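Participant: The residues making up each chain are set out below.
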Amino acid sequence: MRSIEPFLPLKALCSGVLLLVALPHAHAVPSYARQTGQACVACHISFPELTAYGRYFKLTGYTIGDRQLFPVAVMAQASYNSIRNNDDGTGSGASVINNRNNDAVFSAASLFVAGKATDYLGGFVQYTYNNVSSSTDANGITSLKGHSGLDNSDIRLVGKYAGSGSQEPELIYGLTVHNNPTVQDVWNSTSAFGFPYTASPFAVNPAAKTQVDNTLAQQVAGMGGYIFLKKSIYAELSFYRTADGAFSFFRAGQDTATPGAVARLRGYNPYWRLAWNHEWGPNSVMVGTYGLRVNRYPDNSMPSTPTDQYTDYAVDAQFQSVSGVHTYTAQAAYIWEKQDYKASFPAGGIGAGPVPINATNNLQTFKVKGTYYYQRKYGATVAYFNTTGSADAGLYAPAAVTGSANGSPNSTGYIVELNYLPIQNVRLMLQYTGFTKFNGGGTAYDGVGTRSARDNNLLFANVWVAF
Amino acid sequence: MRAITVYKTSIASVQPTAKKNGGVAMKRIATTVGLALALSSSAALAAESSEAINNAAAKVAVNLCSSCHGPAGNSISPTFPKLAGQQKMYLSAQLRALKDKSRSDPEAHDYMWGIAATLDEALVDGLAGYYSSQTPATGKPGDPALIAQGKHLFENGDDSRKITACVSCHGANAEGNTIFPRLAGQHAAYVVRQLQVIQTNLRKSSVMHGLITELKLTDMKAVAEFLQSK
Numbered sequence: 001m002r003s004i005e006p007f008l009p010l011k012a013l014c015s016g017v018l019l020l021v022a023l024p025h026a027h028a029v030p031s032y033a034r035q036t037g038q039a040c041v042a043c044h045i046s047f048p049e050l051t052a053y054g055r056y057f058k059l060t061g062y063t064i065g066d067r068q069l070f071p072v073a074v075m076a077q078a079s080y081n082s083i084r085n086n087d088d089g090t091g092s093g094a095s096v097i098n099n100r101n102n103d104a105v106f107s108a109a110s111l112f113v114a115g116k117a118t119d120y121l122g123g124f125v126q127y128t129y130n131n132v133s134s135s136t137d138a139n140g141i142t143s144l145k146g147h148s149g150l151d152n153s154d155i156r157l158v159g160k161y162a163g164s165g166s167q168e169p170e171l172i173y174g175l176t177v178h179n180n181p182t183v184q185d186v187w188n189s190t191s192a193f194g195f196p197y198t199a200s201p202f203a204v205n206p207a208a209k210t211q212v213d214n215t216l217a218q219q220v221a222g223m224g225g226y227i228f229l230k231k232s233i234y235a236e237l238s239f240y241r242t243a244d245g246a247f248s249f250f251r252a253g254q255d256t257a258t259p260g261a262v263a264r265l266r267g268y269n270p271y272w273r274l275a276w277n278h279e280w281g282p283n284s285v286m287v288g289t290y291g292l293r294v295n296r297y298p299d300n301s302m303p304s305t306p307t308d309q310y311t312d313y314a315v316d317a318q319f320q321s322v323s324g325v326h327t328y329t330a331q332a333a334y335i336w337e338k339q340d341y342k343a344s345f346p347a348g349g350i351g352a353g354p355v356p357i358n359a360t361n362n363l364q365t366f367k368v369k370g371t372y373y374y375q376r377k378y379g380a381t382v383a384y385f386n387t388t389g390s391a392d393a394g395l396y397a398p399a400a401v402t403g404s405a406n407g408s409p410n411s412t413g414y415i416v417e418l419n420y421l422p423i424q425n426v427r428l429m430l431q432y433t434g435f436t437k438f439n440g441g442g443t444a445y446d447g448v449g450t451r452s453a454r455d456n457n458l459l460f461a462n463v464w465v466a467f
Numbered sequence: 468m469r470a471i472t473v474y475k476t477s478i479a480s481v482q483p484t485a486k487k488n489g490g491v492a493m494k495r496i497a498t499t500v501g502l503a504l505a506l507s508s509s510a511a512l513a514a515e516s517s518e519a520i521n522n523a524a525a526k527v528a529v530n531l532c533s534s535c536h537g538p539a540g541n542s543i544s545p546t547f548p549k550l551a552g553q554q555k556m557y558l559s560a561q562l563r564a565l566k567d568k569s570r571s572d573p574e575a576h577d578y579m580w581g582i583a584a585t586l587d588e589a590l591v592d593g594l595a596g597y598y599s600s601q602t603p604a605t606g607k608p609g610d611p612a613l614i615a616q617g618k619h620l621f622e623n624g625d626d627s628r629k630i631t632a633c634v635s636c637h638g639a640n641a642e643g644n645t646i647f648p649r650l651a652g653q654h655a656a657y658v659v660r661q662l663q664v665i666q667t668n669l670r671k672s673s674v675m676h677g678l679i680t681e682l683k684l685t686d687m688k689a690v691a692e693f694l695q696s697k
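So the sequences go chain by chain: A and B. Under the numbering used here, the residue at position 223 of the first sequence is numbered 223, and the numbers go up by one with no gaps. So the number in the numbering used here is just where the residue sits in the second sequence, counting from 1, plus 467.
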């Protein structure tokens with residue numbers, strides 16, 4: 001979930017411990033099903049993608065149904081992972097990327113406390129144990145070990161307004177407190193609950209990622225207000241701050257001590273969201289925009305320095321046609337980020353922070369996916385992603401596997417996924433991720449060896465259960 | 468239901484007193500007056516209670532049911548039936564069947580069991596009253612040939628396949644009657660789905676089971692297209 005900053009690996013390797021493996025995405029809350037008495041399919045196409053009713057349930061603060069005495073749920077994932085080329089090309093002792101390659105592993109388990117507290121207050125808090133967290137010590141020895149921490153969480157206070165004579169709420173409004181920009185969003189074109197809904201814990205991911213694209217997940221506290229007018233217009237304004245002090249619960253389990261390990265923001269940073277939603281027959285469509293501007297300390301352990309500024313603008317869209325037999329859904333998002341290294345560039349790097357060659361950079365990500373489900377049981381998804389941006393050898397330096405030969409963040413790839421849900425709480429997945437370009441190149445991309453983009457292709461067979 | 472209970476309780480509490488003091492004129496008068504007062508207050512309570520139930524039902528309909536069944540029961544998605552103008556007896560019978568889980572087709576289980584379980588008896592009747600009094604939306608035009616085929620089947624049935632004319636129970640305008648649901652204007656996809664789950668015994672319907680065994684999917688689609696257009 002927490003992204004690895006482009007400049008981070010080398011710095012962190014030098015300085016000590018690095019969590020190389022991010023926690024897999026993890027969402028599914030059967031305690032809501034117990035609260036409403038409804039089946040998973042009422043709210044989900046297949047978890048976590050939301051139906052129109054699921055969006056309504058979330059926007060009304062998870063308050064539909066009867067409050068449960070023990071509103072808890074558990075989730076677990078076990079997977080088989082196979083990366084195309086597991087040799088990192090360095091030829092040294094630690095030349096294997098994943099020492100559980102071509103092997104089955106129990107990856108993660110989560111505990112949810114999720115449900116309504118009152119008719120106006122509800123939410124979910126997820127705590128995740130990652131069984132295959134990877135850490136590298138000062139001697140460069142990588143090992144897998146268990147690590148737990150708070151995962152995506154969202155708590156809401158909501159209200160509804162129906163004017164006299166109105167036969168449905170004309171206005172839904174609410175306040176939300178959460179720990180990941182877009183975790184509060186109800187459309188699956190945004191990042192926190194965007195595709196892929198879960199990925200291999202051993203995936204080698206491209207170096208560059210925008211701030212709004214899960215980069216700040218579980219490191220910040222967000223608070224905001226939203227309205228949903230006539231099931232048509234959604235507007236939200238939220239602010240993000242470092243999850244420290246009274247908000248430190250929201251980043252419980254994160255490594256806050258190591259320089260460069262977590263994001264630290266200056267003050268309250270705005271996030272905005274505007275979306276137009278329309279429903280007709282079994283169909284719904286959304287076209288929207290969202291964005292984020294953060295002032296981020298280059299080094300989280302040095303909060304008295306100036307900050308770099310990242311501004312993200314995104315446009316996104318979603319289409320769904322939902323029925324008991326044939327269901328089609330599609331999501332797309334384009335995120336444009338301007339990186340202004342106001343602090344790091346003039347200083348030539350601060351602490352464990354980035355050392356950009358350019359004063360400013362841009363980074364763009366485009367994602368699109370289409371899904372088909374038969375009887376909400378057998379599903380297939382095809383996705384395409386493309387990241388481009390200005391080259392900066394300071395940010396994207398040569399390094400085995402994770403680096404770049406030409407300083408470019410450009411990466412392109414696709415995901416093909418097959419799903420089978422024998423029962424609604426169990427998802428069997430086969431996911432293949434392929435890269436045609438990785439960190440700026442198709443072949444010999446990392447600037448160290450001869451590794452090709454497609455060497456990072458990965459087969460991920462996963463069993464995902466939630467009860 | 469709650470209103471009736473109040474009324475009955477009041478009469479029962481007054482009657483023994485009247486019998487016990489039957490020989491004394493003054494007491495008779497007092498009892499009569501008392502009875503009258505009790506009855507009138509029961510009636511007032513009943514009226515008040517009935518209004519309270521209607522208000523509570525409207526609140527539930529607006530804030531909860533509308534999220535799937537649309538404003539005033541005119542749903543958008545064909546997964547969820549239109550309820551506006553539906554027969555009151557049919558609605559309350561279905562809500563009770565969903566509540567006691569005797570209606571067990573997959574959609575009933577997935578969407579409605581949990582919701583119906585939260586409704587008490589008074590709300591069941593209140594919601595049935597609310598939706599039966601709403602104005603149904605006008606029908607949606609469709610394929611004329613299919614509509615004509617469906618109309619013929621609806622009005623005449625098919626003796627050779629032992630398919631009874633739908634009109635005999637559901638009414639000339641498919642407006643329904645008591646426990647026979649209104650079908651006019653209903654989503655075609657919902658009508659087809661219900662015919663399928665009834666035919667395959669996933670949804671219990673003692674009347675319908677024997678009448679549609681020979682109904683083919685093409686028949687279902689035609690009659691549904693006709694009903695949706697009404």
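Bear in mind the hints are in silico, worked out from the structure with no lab data behind them. One should not assume that every hint holds.
Covered, in the sense of this in silico footprint (three residues per stretch, anywhere, with C-beta under 8 Å from a C-beta of chain B), are these stretches of chain A [as the list claims (entries may be wrong)]:
#, stretch
1, 166-176
2, 180-187
3, 280-286
4, 289-296
5, 315-325
If you're wondering where the values come from, they're calculated on a predicted model, not measured in any experiment. The beta carbon of each residue, even a glycine, is placed where N, CA and C say it ideally should be.
Participant: Of the numbered hints stated previously, which ones are contradicted by the structure, given in increasing order?
Facilitator: Of the numbered hints, 2 and 4 do not hold.
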